[in-house]
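Peer 1: Single-letter residue listing:
2 protein chains.
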Amino acid sequence: MFATYEDVTVGATASFGEYEMTREEILTFAQQYDPQPFHTDEAAAEQSMFGGLVASGWHTAAVTMRLVVAGLLEDSGSMGAVGVDELRWPNPVRPGDVLSIEAEIVDKEPWREGVGVVPTRIVTTKADGEVAQTYVGRVLYPME
Amino acid sequence: MFATYEDVTVGATASFGEYEMTREEILTFAQQYDPQPFHTDEAAAEQSMFGGLVASGWHTAAVTMRLVVAGLLEDSGSMGAVGVDELRWPNPVRPGDVLSIEAEIVDKEPWREGVGVVPTRIVTTKADGEVAQTYVGRVLYPME
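Chains A and B, in that order, give the protein sequences.
As numbered in UniProt numbering, residues 1 to 144 make up the first sequence, in order.
As numbered in UniProt numbering, residues 1 to 144 make up the second sequence, in order.
Isolated chain A, as found in the complex (with noise of 0.2 Å):
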């Protein structure tokens, strides 16, 4: 999308992606990564604060940057992330949502020699229009 620091224009906004959280992947996502019962057990999930499976708010992060590489970074002068800011997960997704993201360029700022960094807010939504997740992410652009 923006190939340097000073192609990034504040206020920019974009919507895209699809992806479908399928009981599967978030059971082996959760087996592997984030073990706790309420992301692997499907009874144990009922008894919880849930009501039910709901897959771990790290695999909602990595499906959301799957959808971000392919949406907004593919292509782009983007060196990766410094860090992400104010990371929340509202509602709680569970099998079968599918998920899709609005993010908005946010500020931009220098951050090291020829390097800027660009906060990126990114919203991860059900199809139902629950809000999944939010977070700022600082994203890192080469200045020319």
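Think of the hints as simulated: they come from the structure by calculation, not from any bench.
A portion of the hints provided could be inaccurate.
When chains are identical, the list treats them as one kind, so a pair holds in a single copy or across two.
List time: in silico SDA-like cross-link candidates among lysine to any residue, alpha-carbon distance up to 25 Å [what the hints assert, rightly or not]:
#: 1; residue 1: 108; residue 2: 37
#: 2; residue 1: 108; residue 2: 50
#: 3; residue 1: 126; residue 2: 106
#: 4; residue 1: 108; residue 2: 85
#: 5; residue 1: 108; residue 2: 86
#: 6; residue 1: 108; residue 2: 49
#: 7; residue 1: 126; residue 2: 14
#: 8; residue 1: 108; residue 2: 77
#: 9; residue 1: 126; residue 2: 67
#: 10; residue 1: 126; residue 2: 109
#: 11; residue 1: 126; residue 2: 23
#: 12; residue 1: 126; residue 2: 140
#: 13; residue 1: 108; residue 2: 95
#: 14; residue 1: 108; residue 2: 9
#: 15; residue 1: 126; residue 2: 94
#: 16; residue 1: 108; residue 2: 20
#: 17; residue 1: 126; residue 2: 85
#: 18; residue 1: 108; residue 2: 91
#: 19; residue 1: 108; residue 2: 48
Using the hints provided, position chain B relative to the given structure of chain A.
Peer 2: This is chain B only, laid out in the frame that chain A set:
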């Protein structure tokens, strides 16, 4: 570790875990969730600012969660997390790096009826002593 919010001791610390980031797992995770060239393509990674293949930050976060579940949350009363603040990746993780965790209870405060939130600082360190990742998770525990 802690069964309830009342059990949580602010200032408590713990060190635990050991996880080797293999080249194969770095590539597999990145191909599925973060296919940027410096995570998936050895030759392209050498030309990037990292100078070689590095793990996705989201992969480091996922492995950190696995260690945190085993070392801190398993058999605790934890109800999940509302989110994470100040997620940072100060040094890249490369194939062969072994990750371990330091955790510190930063604070505790009521969240909503019957539930408290416990800001927990999680630092992921490589065997060479470099810090790979830091964040403060906002973990929920039931109140008595």
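Peer 1: Would you mind marking each hint as holding or not holding in the structure?
Peer 2: These are the hints, each one checked on the structure:
1. 108 with 37: Between copies, since 24 Å is at most 25 Å while 41 Å is not.
2. 108 with 50: between (38 Å within a copy, 22 Å between copies)
3. 126 with 106: Classified as within; 22 Å inside a copy, 33 Å across copies.
4. 108 with 85: Both. Shortest intra-copy (15 Å) and inter-copy (20 Å) distances satisfy the 25 Å Cα cut-off.
5. 108 with 86: Classified as both; 18 Å inside a copy, 18 Å across copies.
6. 108 with 49: between (39 Å within a copy, 20 Å between copies)
7. 126 with 14: within (16 Å within a copy, 37 Å between copies)
8. 108 with 77: within (15 Å within a copy, 41 Å between copies)
9. 126 with 67: within (13 Å within a copy, 29 Å between copies)
10. 126 with 109: neither (31 Å within a copy, 30 Å between copies)
11. 126 with 23: Within one copy only: 15 Å inside, 33 Å across.
12. 126 with 140: between (28 Å within a copy, 23 Å between copies)
13. 108 with 95: neither (37 Å within a copy, 32 Å between copies)
14. 108 with 9: within (8 Å within a copy, 40 Å between copies)
15. 126 with 94: within (10 Å within a copy, 34 Å between copies)
16. 108 with 20: For residue 108 and residue 20, the Cα distance exceeds 25 Å both inside one copy (32 Å) and across copies (36 Å).
17. 126 with 85: Both: 21 Å inside a chain and 23 Å across chains, each within 25 Å.
18. 108 with 91: between (29 Å within a copy, 22 Å between copies)
19. 108 with 48: between (41 Å within a copy, 22 Å between copies)
Of the numbered hints stated above, those contradicted by the structure are hints 10, 13 and 16, listed in ascending order.
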